[in-house]
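K.L.:
If you want the building blocks of each chain, they are given just below.
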Amino acid sequence: MLVPGSGSALRSVSVDLNNDASLVIDIPDALCERDMVKFTVHTKTTLSSFQKPDFSVPRQHEDFIWLHDTLVETEEYAGLIIPPAPPKPDFESPREKMHKLGEGEASMTKEEYAKMKQELEAEYLAVFKKTVQVHEVFLQRLSSHPVLSKDRNFQIFLEYDQDLSVRRKNAKEMFGGFFKNMVKSADEVLISGIKEVDDFFEQEKTFLLDYFSKIKDSTAKAEKMTRSHKSRRGFLSKNANLGSVCELKNQKFEFLLEKLSDLFEKLRKVEGRVASDQELKLTELLRYYMRDIQAAKDLLYRRARALANYENSNKALDKARLKSRDIPQAEEHQQQCLQKFDRLSESAKKELTSFKGRRVMAFKKNLVEMAELEIKHAKVSLTAHPIKHTV
Amino acid sequence: MASSSERSPPPFPESEDPEVLEAAVPDRDSDEDEADDPFLSASNTPLTRKDTPAAPASPDDSLVTSSQSEHRSASRSSEDFMDVLNISAKAALEDPADDFVDILRGGASAQRGEDDAPAEGGAADPPAAFTAPVMELRDGWSASSTQKPLVSEKIPDPLVELLGEASTVTDEATKPSGEVVDLFDDEGSNIFTGAVPAEPADIFTEEDDTMSDTRKHSVKNNGVHSAENTDIIAEATVELSLDSPRNERKKKPTPTPSLPAAASLTKPECSALEEVEEEEEDRCDISVSVTDPEKIGDGMTAYMAYKVSTETLLPMFRNKTFTVRRRFSDFLGLYEKLSDKHGPSGLIVPPPPEKSILGMTKVKVGKEDSSSADFQERRRGALERYLQRVVNHPLLLQDPDVREFLEKDELPRAVSTQALSGAGFLKMLNRATDAVSKMTIKMNESDVWFEEKLQEVESADQQFRKLHTMAESLVVHRKELSLNTAGFAKSAAMLGSAEDNTALSRALSQLAEVEDKIEQLHQDQAANDTFGFSELIADYIRLLGAVRGTFDQRMKAWQRWQDAQAMLQKKRETEAKLLWANKPDKLQLAKEEITEWEAKVTQYERDFERVSATVRKEVLRFQKEKTKNFKRQIMVYLESLLQSQQQMIKYWEAFLPEAKAIA
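Keeping their order, the protein sequence lines are chains A and B.
Under the working numbering, think of the first position of the first sequence as 927, with each following residue one higher.
Under the working numbering, think of the first position of the second sequence as -9, with each following residue one higher.
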């Protein structure tokens, strides 16, 4: 399935990016083949590090994940907030519905079927667009970052016109990743005891932790809200169908019911739009920032780790001095750790500040848009009502 | 007018068309041909001349909606009828045809019944027949009515009584009687010039009049009809269709010999009154509200009591407003009484909400949670609508039990409504047998109309049921949504407090507030969905059940008739056998039995026709009411939807500047 121009209108819904014309990336279309989605990544650049000013490459979701992972693993970027990887495309629910629709084809009337199909396609398309968008946002954030945009892997990702065919993670690696996560969280707990040297980071840390739990909660709630909105829409659709089926004796009555079902149909559409807008503007925003904060937390973790390392190296130095053995090595190591920590702290500070600004802007933008859309939809549903004057 | 006991069951025989038809067929053949033509032209159905002007029940009923065509047909039929009247009057006088007499007798005695009715105090006071003309005096017809000395002589006594009663009646009330009067002045006098002298005396003889009497009655009776019709034309009201069946009804009860005279007298009265009612009903002169549900007692003996307030302009009530307290079982008891009384005759008795053991137990246990409050509100609304439907039904309003229910301070407790009582068990048993017999009766439907309607009702019932489930699920979803919105509002508030950017934090807490309000909105909307939409549909499901009940009643009547016919057939066979066996002693007995069964068959057949007619009329009325009512309710519901949307806009608009203020 082709999704044309998912870009411009929907771009940077969840993030506010610096507009840097030197490297512009978008995903003009994507192809959905069974389980995988092939994105066409289009790049326009004035940077000399690229061979051509304008090129497109096919990429899969796994390629994005690979890019993200390599960025995270790169030591140099430890002091940066690595943009969160896009979530895995999830076409399960519309596909399942599609399947059900196919099964129920016999039991439905033709127009019912057509309508259902149309609706499903719309839903599918919406999910698709959303998926494309989160991938696009990921790339855009990379490209707008002064350091990350220079990354070699990133450039390869953009430029290499063959299939990247990155190796999928095998079971061992998956387990390893899982194990690493475990170790990391355990480590997090361990090093959380270390006394913070910088107030800024102390504050940041508590804030982010707090914020994260809150936003997680909000996201869950918002998701729930949108879901019930959607199911309401589903109900209304049935209702509307029924009204039209309800053939009745009295002409006047029939007319009334017809009008009523019309109204329900309209309301259902509006309701659907409200639900999807709410999802897009609110839930997606919260979801995205949940992930972003996770990334920021990771950064803090890395910094804390560096701090811990530094302290350990201090201890090691002390020990070495005590034993008067290997002093220069220990000193060097301690120096390295200190340097690394300082570097990390510095860039983390910058990153976090910019993150804050970005977050506020994004919230503003989305909230304003959502309020406007809510008003718009409510007004639309008001205009749907004039039928009451005709009945 | 009448004391309540007399007022009881108005059996509502709408049309005796087929019955009369049978009787009339030979008559038409033998009698004057000229009379036939106008009839046929007046109405498409081949009825007797007596029936025609009074209006062919079916075509006219269907015409109710389009008044134009109705007028036309009304005027046509009445004009035609004039002719017929003249002719038939003469013919009847000159040519005492036996067949004709039968019909006439029916009509005549009915006429008598009607005349008696207003004069309720003077019971069977003969002159009562002419109270009507007197009433008309008040309408300014005095000049013409006094022209008839014969008539006016007998007027005085009943008049006094009638006026006494009638004075409370509104002007509307006098109109129908005025119609009756008309006939005597206008065409009536023409027709009766010959017949009148003998008439007064005859009219008031007992029902088993001689042939010559009845002939005269018939003349007079015809006069009545024409008068009413002309009047209608003059007023161009929609009354025709309502009037006509009533006229027939007046005639109807009397021909059945088994009916006690007293009953037959009261019935026409009711119908006359009802005429008044129906006119007034359109203006909603009575409104009943059920408020203030209150739990009385404790534990399992607790029950709910409601305040039933009535506001009315109807003269039949002593006060304009009155309030009584009724418990739930009283409502059920009223329904039981009404359906026992009127169900068999084919009336749609509006059903009350079902007893809900679960809901009630909750109330009894005294849980003050939202679901029991919801339950109470639902039930209260349902009861109110139920009562409103009852009083909006012109015939049911006349029922003494209804009045008692609305007016009397203390009601004897309705015992039979308890779910676990012996009576309840009996009822269940009855219902079960009903269901079985329903399945076993294979009725070959003679009337396509009924067949169609039954199908419609059944499919409508199904659809409504589906719709109801969906409406209920809508409510559930809406509630869920409101719950989730509340959850989100809370967490948004938390998020706002955690946020360190002041403006954003402010905006987030604002968002939380907005969501809070929206949650309230959703909750209200859920309530609206329940009471405005879902309950409305539930009501109609119940009502459709009642409609189906009337169809069943009709089927039962039919079954009775068929059984009687089969019985008669058997008796005849026995007679034939006896005849063959030459047993004169037993033959006599058999013959008697045959006559007895013949009478029964006729009666049952009539019953069936009557029930059919009633059902037909009731179904039409139901449809009309339904559309009207449904529309009104939907309007209210949509209004509420609209309002909530507007509210939503307000909330978001208030939020917008906050969001924009984020720096």
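FYI, nobody ran anything at the bench for these hints, they're computed from the structure.
Some clues are possibly wrong.
No more than 25 Å apart at the CA atoms, straight line, and that leaves these computed lysine-lysine pairs for PhoX-like [unchecked claim]:
#1 B:Lys640 - A:Lys1290
#2 B:Lys621 - A:Lys1302
#3 A:Lys1305 - B:Lys456
#4 B:Lys469 - A:Lys1302
#5 A:Lys1290 - B:Lys507
#6 B:Lys621 - A:Lys1192
#7 A:Lys1043 - B:Lys456
#8 A:Lys1195 - B:Lys621
#9 B:Lys469 - A:Lys1192
#10 A:Lys1195 - B:Lys507
#11 B:Lys310 - A:Lys1290
#12 A:Lys1192 - B:Lys640
#13 A:Lys1305 - B:Lys469
#14 B:Lys507 - A:Lys1026
#15 B:Lys650 - A:Lys1195
#16 B:Lys640 - A:Lys1036
Quick caveat: nothing in here was measured; it's all calculated off a predicted structure.
K.L.:
For every hint, state whether the structure bears it out.
P.N.:
Hints, one by one, checked against the model:
1. About 20 Å separates the Cα atoms of Lys640 of chain B and Lys1290 of chain A, which keeps this hinted pair within 25 Å; it holds.
2. Between the alpha carbons of Lys621 of chain B and Lys1302 of chain A the distance comes to roughly 28 Å, so the proposed pair goes past 25 Å and is violated.
3. Restraint check for Lys1305 of chain A and Lys456 of chain B: not satisfied, since their Cα atoms lie roughly 30 Å apart, outside the 25 Å limit.
4. Of the supplied pair hints, the one linking Lys469 of chain B and Lys1302 of chain A holds, its CA atoms being roughly 24 Å apart against a limit of 25 Å.
5. At roughly 21 Å between alpha-carbon atoms, Lys1290 of chain A and Lys507 of chain B fall within 25 Å of each other, so this suggested pair holds.
6. Under the criterion of a C-alpha separation no larger than 25 Å, the hint pairing Lys621 of chain B with Lys1192 of chain A is consistent with the structure, at around 19 Å.
7. Distance check on the hinted pair: Lys1043 of chain A and Lys456 of chain B sit about 23 Å apart at the alpha-carbon level, within 25 Å; holds.
8. With a C-alpha separation of about 23 Å, the suggested pairing of Lys1195 of chain A with Lys621 of chain B holds against the 25 Å cut-off.
9. Under the criterion of a C-alpha separation no larger than 25 Å, the hint pairing Lys469 of chain B with Lys1192 of chain A is consistent with the structure, at around 21 Å.
10. This hinted pair checks out: Lys1195 of chain A and Lys507 of chain B have alpha carbons roughly 23 Å apart, not beyond 25 Å.
11. Distance restraint check for Lys310 of chain B and Lys1290 of chain A: the Cα-Cα separation of roughly 62 Å exceeds the 25 Å cut-off, and the hinted pair is therefore not satisfied.
12. The suggested pairing of Lys1192 of chain A with Lys640 of chain B holds, with an alpha-carbon distance near 21 Å, which does not exceed 25 Å.
13. A threshold of 25 Å between alpha carbons decides the hint, and for Lys1305 of chain A with Lys469 of chain B the separation of about 23 Å falls inside it, so the pair holds.
14. Restraint check: the Cα-Cα separation between Lys507 of chain B and Lys1026 of chain A comes to about 38 Å, which exceeds 25 Å; the hinted pair is violated.
15. The suggested pairing of Lys650 of chain B with Lys1195 of chain A is violated, with an alpha-carbon distance near 28 Å, which exceeds 25 Å.
16. Annotation: proposed proximity of Lys640 of chain B to Lys1036 of chain A is violated, straight-line Cα distance about 41 Å (limit 25 Å).
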